[in-house]
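Novice: The primary structure of each chain is shown beneath.
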Amino acid sequence: MKKPILALVLASMAAGTTLAALADETNPAIVHRQGIYKTMAGHMTAMKSILFLGFEAPQDLSFHAQGILDSFMHMGNSYPPGSDKGETKAKPEIWSQPEKVKQRAMDAVGAAKDLVAATSGSDKKVMVTAFKTMGEKCKACHDDFRKE
Amino acid sequence: MTTSARSDDRVAVWDLPTRLFHWGLVLLVISAVLSRNWGDSLLVWHMINGYALLVLLVFRILWGIVGSSTARFSSFVCGPGAVIAYLRGALRGEHQLSVGHNPAGGWSVLAMLAVLTLQGVTGLFASDDILVKGPLAFLVSERSVALLSTLHRWGILLLLGLVMFHLGAIALYLSKGDNLILPMITGRKQRAQLPPNTPAITPRSHGLALAMLALAALLVWLGIAFWKW
Numbered sequence: 001m002k003k004p005i006l007a008l009v010l011a012s013m014a015a016g017t018t019l020a021a022l023a024d025e026t027n028p029a030i031v032h033r034q035g036i037y038k039t040m041a042g043h044m045t046a047m048k049s050i051l052f053l054g055f056e057a058p059q060d061l062s063f064h065a066q067g068i069l070d071s072f073m074h075m076g077n078s079y080p081p082g083s084d085k086g087e088t089k090a091k092p093e094i095w096s097q098p099e100k101v102k103q104r105a106m107d108a109v110g111a112a113k114d115l116v117a118a119t120s121g122s123d124k125k126v127m128v129t130a131f132k133t134m135g136e137k138c139k140a141c142h143d144d145f146r147k148e
Numbered sequence: 149m150t151t152s153a154r155s156d157d158r159v160a161v162w163d164l165p166t167r168l169f170h171w172g173l174v175l176l177v178i179s180a181v182l183s184r185n186w187g188d189s190l191l192v193w194h195m196i197n198g199y200a201l202l203v204l205l206v207f208r209i210l211w212g213i214v215g216s217s218t219a220r221f222s223s224f225v226c227g228p229g230a231v232i233a234y235l236r237g238a239l240r241g242e243h244q245l246s247v248g249h250n251p252a253g254g255w256s257v258l259a260m261l262a263v264l265t266l267q268g269v270t271g272l273f274a275s276d277d278i279l280v281k282g283p284l285a286f287l288v289s290e291r292s293v294a295l296l297s298t299l300h301r302w303g304i305l306l307l308l309g310l311v312m313f314h315l316g317a318i319a320l321y322l323s324k325g326d327n328l329i330l331p332m333i334t335g336r337k338q339r340a341q342l343p344p345n346t347p348a349i350t351p352r353s354h355g356l357a358l359a360m361l362a363l364a365a366l367l368v369w370l371g372i373a374f375w376k377w
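These protein sequences, in sequence, are chains V and U. Following this note's numbering, the numbering of the first sequence begins with 1 at its first residue and continues without gaps. Following this note's numbering, the numbering of the second sequence begins with 149 at its first residue and continues without gaps.
If you are wondering where the hints come from, they were derived from the structure by calculation, not from laboratory data. Be aware that a few hints might be false.
With a straight-line cut-off of 25 Å between C-alpha atoms, the simulated DSS-like cross-links for lysine-lysine are [to be verified]: (1) K91(V) <-> K324(U); (2) K281(U) <-> K38(V); (3) K132(V) <-> K324(U); (4) K281(U) <-> K139(V).
Cβ pair distances, simulated, as ranges [stated by the list, open to error]: (5) Q338(U) <-> K89(V): 51 to 59 Å; (6) P28(V) <-> V225(U): 49 to 57 Å; (7) K38(V) <-> L370(U): 27 to 35 Å; (8) S289(U) <-> A11(V): 20 to 28 Å; (9) W193(U) <-> M73(V): 27 to 35 Å; (10) K124(V) <-> S289(U): 31 to 39 Å; (11) W193(U) <-> F63(V): 39 to 47 Å; (12) W193(U) <-> Q59(V): 54 to 62 Å; (13) I5(V) <-> A233(U): 47 to 55 Å.
Residues on chain V that point at chain U, a partial pick, calculated with CB under 8 Å [claimed, not checked]: (14) A41; (15) M44; (16) T45; (17) E87; (18) K132; (19) G135; (20) K139.
Glycine included, each C-beta is placed from N, C-alpha and C at the ideal position.
Build out the structure end to end from the sequences listed, making use of the hints.
Specialist: Next up, the structure:
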């Protein structure tokens, strides 16, 4: 009657592995980088509610735009060696194509600066265009460097 | 026997709603890809496109039950025996005549409908992780949104594979002098390219088709709006 016991042990090991995979990510570089990206995503979503969904807080647009730019400036060294290990959608190309990553990052920072400039004015059309461009720059990097 | 292609040499094989569905689906799949990759970053058109696709797919499922003979699932979904026999024949290079979908084609149609429906449904729960979320993403956990978004991004590759298969089969038939494209436009096919004594399909009323389209739109709307009540 040893086989059922063996089966039980193997089953609980399998369950344990699954649960471990569900645990929170602990690689500090990944935790930090996802936090920063979520900060930016939060600002983007808040801006979307003001620009498109009718939430009335036009005075907050420049705060959110600045928040996105500041987040870029406080990313630190977000992709140190070894930060590909863990639950991350970062593609290996991030580490093998640093020049291209840098280009994408510069584009995004440029778009964030344009967004800050746009929200300091009062022309909604200009803000909407700058906002959409910001979204496109996010997407350009995702398309190249983020796993599906 | 005459060799001239007079109009009475041709037999009705596809009803108008099925043909409109087919070409509508082609356009919507193309515009779904275009609006995702080169469209507005708010994905407004991509989402409208997705709702339209779902309506069209639900319509096709309804039409597969009440439509005219060649549109019905019961007429084109064959058992494994028929499919294997057909594929063996195809491997031997035989040109097998069939009206409507051939035994393998029927399954490829089902597969395309299934993948597209999954594509539409996962899209409702997907997020681009920048600023767009599907209308039902709020119903499930963040982890599920991530998983469904991944499936949504892979789904297009699966669909592309099935479409290649579909186009390959059409090219194979074309190489044997059997044009499958024209009947999907005109609805009619040369008698010589059909099994002997094939009767013309009896088209269902267009009013019924419109009613099914309206029903499909209602079902899709309910399916999305229900969760917010």
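Novice: Hints first: check each against the structure and report whether it holds.
Specialist: We went through each hint and held it up to the structure:
1. K91(V) <-> K324(U): Measuring from Cα to Cα gives roughly 46 Å; hence the hint is violated.
2. K281(U) <-> K38(V): Distance ~14 Å between K281(U) and K38(V) Cα, so the pair holds.
3. K132(V) <-> K324(U): 51 Å, violated
4. K281(U) <-> K139(V): 14 Å, holds
5. Q338(U) <-> K89(V): 51 to 59 Å: 53 Å, holds
6. P28(V) <-> V225(U): 49 to 57 Å: Holds - the Cβ-Cβ distance for P28(V) and V225(U), about 54 Å, lies within 49 to 57 Å.
7. K38(V) <-> L370(U): 27 to 35 Å: 33 Å, holds
8. S289(U) <-> A11(V): 20 to 28 Å: At roughly 25 Å between Cβ atoms, A11(V) and S289(U) fall inside 20 to 28 Å, so the hint holds.
9. W193(U) <-> M73(V): 27 to 35 Å: 34 Å, holds
10. K124(V) <-> S289(U): 31 to 39 Å: The hint (31 to 39 Å, Cβ to Cβ) holds, given that K124(V) and S289(U) are roughly 35 Å apart.
11. W193(U) <-> F63(V): 39 to 47 Å: 30 Å, violated
12. W193(U) <-> Q59(V): 54 to 62 Å: 31 Å, violated
13. I5(V) <-> A233(U): 47 to 55 Å: 49 Å, holds
14. A41: With a minimum Cβ separation of about 7 Å from chain U (threshold 8 Å), the hint on A41(V) holds.
15. M44: 5 Å, holds
16. T45: 6 Å, holds
17. E87: 10 Å, violated
18. K132: Holds. Min distance 5 Å.
19. G135: Holds: closest Cβ of chain U sits about 3 Å from G135(V), inside 8 Å.
20. K139: 6 Å, holds
This entry does not satisfy hints 1, 3, 11, 12, 17, going by the numbered hints stated previously.
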